[in-house]
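Protein chains in written order, with the working numbering: chain S, 33 to 262; chain E, 131 to 536.
Just so you know, these hints were derived from the structure itself, not from any lab.
It is possible that some hints are incorrect.
To be verified - Here are some chain S residues pointing at chain E (derived, C-beta under 7 Å):
(1) Q84
(2) D90
(3) R117
(4) I142
What the hints assert, rightly or not - Covered stretches of chain S, going by a simulated chain E footprint (3 or more residues, C-beta under 8 Å):
(5) 107 to 113
(6) 123 to 135
What the hints assert, rightly or not - Computed list of chain S residues with no C-beta within reach of chain E, every gap over 10 Å:
(7) S75
(8) D118
(9) E140
(10) Q146
(11) G165
(12) G212
(13) A214
(14) E250
(15) D257
Where a beta carbon is used, it is the ideal one built from N, C-alpha and C, also for glycine.
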Amino acid sequence: MTTVIETRELVRKFGSGETQVTALNEVSITIRKGEFTAITGPSGSGKTTLLQLIGGLDEPDAGDVFLSGSNIAKMSGSELSDFRRDHIGFIFQSYNLIPVLSAEENIEYIMLLQGISAKIRQSRVREMLALVGLEGMGDRRPANLSGGQQQRVAVARAMASKPDIILADEPTANLDSKTGIALLDVMRQLNQQMDMTFVFSTHDHKIMDRADRLVHLEDGVIHLDESRSV
Amino acid sequence: MLIFKLAFRNILRQRRRSLLTALSMAGGYMLFVFSMSLLEGSWTNVVDIFTLDHTGHVQIHKDDYAKRPKIYKTITDRDSVESVLTGNEGVKGWAPRVYSTALAYGGDKTSIAQIFGIDVTLEPSVTRIKQKVTEGIYFDNQPDADGYAKAMIGRGLANILKLNIGDEIVLISSGADGSIANDVFVISAIVGNTTSFDRLGVFLPITVAQRFLSIDADVHEYALLARDKHANERLARSLQLALPQLKVSPWQEIEATFYRTMQSDKQSNYFTMGLIVFIVFVGVLNTVLMSVLERTKEFGVLRSIGCRPSELVKLIFIETVMLAFASILAGLVLILPVIMWFTNVGLKLDIAFDMGGVVFDTMKGDFSAYVIFMPMGFMLLTAALISLPPGLRAARILPREAMGSH
Numbered sequence: 033m034t035t036v037i038e039t040r041e042l043v044r045k046f047g048s049g050e051t052q053v054t055a056l057n058e059v060s061i062t063i064r065k066g067e068f069t070a071i072t073g074p075s076g077s078g079k080t081t082l083l084q085l086i087g088g089l090d091e092p093d094a095g096d097v098f099l100s101g102s103n104i105a106k107m108s109g110s111e112l113s114d115f116r117r118d119h120i121g122f123i124f125q126s127y128n129l130i131p132v133l134s135a136e137e138n139i140e141y142i143m144l145l146q147g148i149s150a151k152i153r154q155s156r157v158r159e160m161l162a163l164v165g166l167e168g169m170g171d172r173r174p175a176n177l178s179g180g181q182q183q184r185v186a187v188a189r190a191m192a193s194k195p196d197i198i199l200a201d202e203p204t205a206n207l208d209s210k211t212g213i214a215l216l217d218v219m220r221q222l223n224q225q226m227d228m229t230f231v232f233s234t235h236d237h238k239i240m241d242r243a244d245r246l247v248h249l250e251d252g253v254i255h256l257d258e259s260r261s262v
Numbered sequence: 131m132l133i134f135k136l137a138f139r140n141i142l143r144q145r146r147r148s149l150l151t152a153l154s155m156a157g158g159y160m161l162f163v164f165s166m167s168l169l170e171g172s173w174t175n176v177v178d179i180f181t182l183d184h185t186g187h188v189q190i191h192k193d194d195y196a197k198r199p200k201i202y203k204t205i206t207d208r209d210s211v212e213s214v215l216t217g218n219e220g221v222k223g224w225a226p227r228v229y230s231t232a233l234a235y236g237g238d239k240t241s242i243a244q245i246f247g248i249d250v251t252l253e254p255s256v257t258r259i260k261q262k263v264t265e266g267i268y269f270d271n272q273p274d275a276d277g278y279a280k281a282m283i284g285r286g287l288a289n290i291l292k293l294n295i296g297d298e299i300v301l302i303s304s305g306a307d308g309s310i311a312n313d314v315f316v317i318s319a320i321v322g323n324t325t326s327f328d329r330l331g332v333f334l335p336i337t338v339a340q341r342f343l344s345i346d347a348d349v350h351e352y353a354l355l356a357r358d359k360h361a362n363e364r365l366a367r368s369l370q371l372a373l374p375q376l377k378v379s380p381w382q383e384i385e386a387t388f389y390r391t392m393q394s395d396k397q398s399n400y401f402t403m404g405l406i407v408f409i410v411f412v413g414v415l416n417t418v419l420m421s422v423l424e425r426t427k428e429f430g431v432l433r434s435i436g437c438r439p440s441e442l443v444k445l446i447f448i449e450t451v452m453l454a455f456a457s458i459l460a461g462l463v464l465i466l467p468v469i470m471w472f473t474n475v476g477l478k479l480d481i482a483f484d485m486g487g488v489v490f491d492t493m494k495g496d497f498s499a500y501v502i503f504m505p506m507g508f509m510l511l512t513a514a515l516i517s518l519p520p521g522l523r524a525a526r527i528l529p530r531e532a533m534g535s536h
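Please model the entire structure based on the sequences and the hints provided.
Rendered as structure tokens:
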């Protein structure tokens, strides 16, 4: 299988002097296309930091991150923005939709940044809303959607730019169990039908149960990396 | 389109705050336009008064006659000058003039006097000479029953020499050929008042003045009115090209001291208005900065999904300029009737004052594209500039820090 992400001896420290904390300590990991990977570990283990470094939201103190063959640790601010826009989809714990835009517009906005024509944008928005089961709700603003629906819009937004990988940081943490399962089923379905690569940072067992690869972090070091059949 | 929609909705997020900001900008714009209108209106009024009183919008002379007048510095080739003036569409009216000084006798009194030889028919197409007649009637080229040429004299001279309509006045001067010029004229009218520039003037029909001064059919000056008074300098340039042998000067050169005074007054007023706008926009800057700070997390999200820093600068720019534009439009709707009223009706002054024989009793405004669009452009430019610091602040936001991970 094609390698989508490869990290080499990633190091990330926060603070300085006696208060310095090593969030990641020489973490090397390879994610292949189509994997549904869960990065697990207790709070402070470095899961979110790893996800942010993979997504180019943070810069490592040492090491490299290769995403689709490009070393994103060496990119400038604007290059990194363009790279995130075209290659990475993000799903956040607290949805992080733009409150003044409707569901459709939230999904459309990233495509606008990509310079996609209005006609294609509209058609892809409809397609994405159908994929996440929100047909007919496109004109609603985030405040008029439930948490689960908002997270589905976030999934649709992440998918809309046709990224190489979707990084999801605790996507079910703010959802009730039933809604969380439904959302995970949507993502799993997208993973299987479209061969979309998902990487989660989580301590939700529902995600772990559905992941075909588990990477367990503790104190910034990988303690376990196992592939499984689900 | 979506970015404009996003900007517009961001403005509507904090409606009360946006409204207050818009009100301050609309108020600033209204104040700016109103002050500009009164300033331009007042100066236009003053310029009209003296250009229509005597100067005209453009003057034509031989060499440096305007600065160093000499009786023999005359324009001799009148036909070519008048054919250029008649053929130029920018010229609304023109009139030839002759000047000299003289010693005037009336009864048993004497006084220095300024001779103005004017074309009886053409002069009223350039100046308000007819309206300045306060006693008697505007003269014509015909001598009176006794064969004396007619003259109109200034109020000052009339008072000094104690002369009235129908009295005789004797002028003594020197002709261009060195001869002694002296003649008797009968007074047909008294013009202006004791503060007019021509208070010591003696107006003669131009042919009479030419004969008196022995300058044949020559003239010292052509004064003309431009069809578009604001384009008089351009008209002067085009006439200068057509009449290279003469000196063509706009009123701004003829009345250079006044023009500099006017410009300096305008500049100091612009500075004051600029200061008012600056104070208004310091408040706007504060509002925009606050709105950026409130949306730090949102900007972090936008950056994380691939929004370039420049896109955020653009978004803040559009928001600020959009709000400024809406405020200016609202201000324009409110201020338009006011400046139209000031332009068409004006505010009657409690105490009228006289400028060169023309009564200035109403404070008038100016209604022009300049008065409306210059403040608009200035305010939009200021809005665009003040959007930059908050925009750059938003652009510097780091996604990880903005979303409060650590």
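Here is how each hint holds up against the structure:
1. Q84: With Cβ-Cβ at 5 Å, under 7 Å, it holds.
2. D90: holds, 5 Å
3. R117: With Cβ-Cβ at 2 Å, under 7 Å, it holds.
4. I142: For I142/S, the interface hint holds, since the closest Cβ of chain E sits about 5 Å away, which is under 7 Å.
5. 107 to 113: holds (count 3)
6. 123 to 135: Answer holds; 6 residues pass the 8 Å Cβ test.
7. S75: holds, 12 Å
8. D118: Since the minimum Cβ distance to chain E is about 7 Å, D118/S lies within 10 Å and the statement is violated.
9. E140: About 6 Å separates E140/S from the closest Cβ of chain E, which leaves it inside 10 Å; violated.
10. Q146: violated, 8 Å
11. G165: holds, 22 Å
12. G212: For G212/S, whose nearest Cβ neighbour in chain E is about 21 Å away, the distance exceeds 10 Å, so it holds.
13. A214: holds, 24 Å
14. E250: holds, 18 Å
15. D257: Given a closest Cβ separation of 24 Å, the condition holds.
The structure fails hints 8, 9 and 10 (numbered hints given earlier, in ascending order).
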